[in-house]
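Novice: Here is how the chains run, residue by residue.
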Amino acid sequence: MANISESETIGAATTERYKYGFVTDIESDTAPKGLDESTVRFISAKKDEPDWLLQWRLKAFRQWLDKADEEPTWAKVNYPKIDYQDSYYYSAPKQQETLNSLDEVDPKLLETYNKLGIPLQEQMMLAGVAVDAVFDSVSVATTFKEELSKHGVIFCPISEAVQKHPELVKKYLGSVVPVADNFFATLNSAVFTDGSFVYVPEGVRCPMELSTYFRINAAQTGQFERTLIIADKGSYVSYLEGCTAPMRDEHQLHAAVVELIALDDAEIKYSTVQNWYPGDENGKGGIYNFVTKRGACRGRNSKISWTQVETGSAITWKYPSCILQGDNSVGEFYSIAITNNFQQADTGTKMIHMGKDTKSRIISKGISAGHAESTYRGLVKVMPGATGARNFTQCDSLLIGEKCGAHTVPYIEVRNKTAQVEHEATTSKISDDQLLYCRQRGLSAEDATTLIVNGFCRQVLQELPMEFAVEAQKLVGISLEGSVG
Amino acid sequence: MSIRRIAADFPFLATFDAARAGLPGAPIDWLQAARRDGLVRFRDQSLPSRRVESWKYTDLRDLATTDFAAPDGPIGAALRERVAPIGTRNSVRLVIANGRIEPDLSRLTGLPAGVHLMPMSVALDSHTDLLKAHIARVSALDGDGLLALNAAFMMDGYVLVLDDGAQVAPTIEIVFAADGGSGPIALHPRNLIVMGQGSAATVVETHVGDGVYWSNPVSEIVMGQGASLRRYKVQQESAAAFHLAQDRVALASGAHYRGFLGAFGARLARQSVTATINGADAAFDVAGTYLLRDNQHGDITTLVDHAAGGSSSRQVYKGVLDDAARGVFQGKVAVRRDAQKTDAHQLNNALLLSDKAEIDAKPELEIYADDVKCSHGATTGDLDADALFYLQARGIDTATARRLLVSAFVKAALDEIDGEAERARFEVLVDTWLAGTDG
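Just so you know, the sequences run in chain order A and B.
Every letter in the first sequence is one number past the one before it in the numbering used here, and letter 91, counting from 1, is 91.
To convert, take the position in the second sequence, counting from 1, and add 1000; that gives the numbering used here.
No lab work stands behind these hints: they were computed from the structure.
On a predicted model such as this, the values are computed, not experimentally measured, just so you know.
Mixed in with the good hints there might be a few duds.
[What the hints assert, rightly or not] Taking lysine to aspartate or glutamate and the EDC-like style, the derived pairs with C-alpha atoms no more than 20 Å apart in a straight line are:
id	chain 1	residue 1	chain 2	residue 2
1	A	359	B	1384
2	A	356	B	1355
3	A	359	A	281
4	B	1373	A	424
5	A	356	B	1384
6	A	359	B	1323
7	B	1373	B	1415
8	B	1356	A	357
9	B	1373	A	357
10	A	403	B	1343
Could you put together the complete structure from these sequences and hints?
Specialist: Next comes the structure, spelled out in structure tokens:
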């Protein structure tokens, strides 16, 4: 039964070319290759930053030098040693005067966005999405600002927030992911170029989904975004992050840091679709995605929900986490990680229960095809004070083909007797029965697989905002094309 | 000094040259070489620190700072009296006390033809070639400092050899007794079970002792085609003891290993089991319960390596942690590239009875074949409030109701035991432990 379909298609090389692989040629304002204190000073000066931030960066840089031999090796990923001196750390699109409207944006940039299908103009109005598009490292267009400012919502590039809202940045920057947190976060703290800043004031429900598209453009430029989102008491915000990147032969490093802070009764929903260039079917090229994402539920009844669809990057190293400090706070992690060809993904979450009656839920779906390796790595930790804590974790892995690997490495540490922690994991292939059922009804092997995989991922897909859910479902199919039976 | 090692310079290490003369196999050159090699490896590796991933939750620093000497003399009369009645129902018994066979308490007669049971010291003479091969095999394994130390100071353990087709009906009773009453001692028993095609046996191991001591047993078990082994272990070490045991099991096709561990004793205990399944239709089923209180630390670490397809494994562990006890469960199932049609299941449930108790669980799957059914589950928590209410609503007081529920929780693990007599034996041990808890 299934053997027929398998023999038909397994082994057939991937034919779907990376759709978004093009390079826009614009004049980069690039820092010299390599990383030393002067690079850090260059970036800070470019951004016209206040002295406190320069000092913060320099402190981070010195700590990073001390960590030289602490590049994490525990993840189940393999890559040649990165030469941090063989990379550019700053690359900005040509500096513009202050932009008042989209007309002032470099037409080449707009063209890029159009190719990517970002609904920046009318489409954006229709979609009701405010886009703070990051082109390389500098945010060049921010829209819907007026609508947001009416509600007191601050949504701007973090470099702008440093100038206009230094008190907020100073208070929260590095408060969730400390400078010394890990090798990549420390590096980011020293050389971060730009990213988004969101502040939602007390009692405000953000009137629209906030969204940022990141793109990596100049060759060999590591991207070091820094995102900071603060939801004040009783507020709500949903933030979408989507990523595409052009085709490159050289591996590119991406080490972002995202910090979320939810105060009393606040809720942050953070959704990601990541489809950066994964390398070709022989494992050449592709992005190294080494990201530190963490949210702090500081207030009572606060909630942070991470949803991610990871289909791109040659290597993904990413653990969006929640520190559940406030009593009755809630953390959620919904993840789909699809790896094909020679992709490697080591991803998961940490749920740290500190407050009373804190709850967390982890749903992870890993799909491996081709020669790919996919690992779920997660931690559920219940501290002694977290009376009544509750966690449910479900990690399912699907293997497509016999050359791939799927691994599950959960850590469960419980120090409170009233905590209820449940973990379950399964690994299997697509059931022959399901495949047969679909084939009998005339679906091709590939369509049947896409359908079944989408069903496998349903619990996560339904957590995505509408705009993303559609794109994500398509991505599931595209990511698996040529590798499935 | 690497941060991945804990420096340890035990007094018994210095006695290596003198001690060798008194250890099994003193006149055998290859064994002396293996011992020296083990010592060199230990000097290099030392004890693993918590920076070594598989030791993340178990800290050996207290062990490293205890002045363990080599055992000197027999066990005390009181301990001897406790050992005497253990498992006397069974006709075949081997007692090893302070690293040496205790002939007066042992009874090695009455075994059927093709079944050979003896202490290591005897086996080195009677089965030299077999022992040489297996000792070399264990030395070549990718092991830690503890394995190296056992190779260097290897003491009497039991050697059980079954010829092809040999079946032994009566349960083989093995007792390890350690007496650290007159100062801390270190013991390094080495056990070996070699099973021919289609052979079958049942072994019960009991570990007891007094005072401060460190038991570091290594067991190698090699199962031939279609061999069947039931192996039950009762770990009742003294409350001041360290018990760090490792089992290395290899299964040929059709072999069936059934193991059960009851872990009650020791201040710090770790049972590590590595099983390699090399053939189809082999099954590796282990289960156990760890019941800990006070400041006890109990660690169960398993690795089931499905190197061949069409095999199955099953692991079920239930732990109850009272007072400031800490339980650790690390279970890994690996399925290699071509091990298709593997069926692997693993479950760890832990019950915390106190605010200071802790459980750390790390169930792990590493899968490289697609046509497999692998799953694991881990839960921790308090007793089910609804069940408690149900019992209370029927007039049962809280303490009794709790005890009933804890008992039911643990006994679900005992259901994994295949054998009436053995189940009954563990049930008594569990009940005794439960009587000492206030629910």
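Novice: Please go over all the hints and tell whether each is borne out by the structure.
Specialist: Verification of the hints:
1. A:359 to B:1384: 18 Å, holds
2. A:356 to B:1355: The given pair, whose Cα atoms are some 14 Å apart, holds under the 20 Å limit.
3. A:359 to A:281: 41 Å, violated
4. B:1373 to A:424: 14 Å, holds
5. A:356 to B:1384: 19 Å, holds
6. A:359 to B:1323: At roughly 25 Å apart (the allowed maximum being 20 Å), residue 1323 of chain B and residue 359 of chain A break the hint.
7. B:1373 to B:1415: 23 Å, violated
8. B:1356 to A:357: 18 Å, holds
9. B:1373 to A:357: 35 Å, violated
10. A:403 to B:1343: This hinted pair holds, its Cα atoms lying about 19 Å apart.
Checked against the numbered hints given earlier, the structure breaks hints 3, 6, 7 and 9 and satisfies all the rest.
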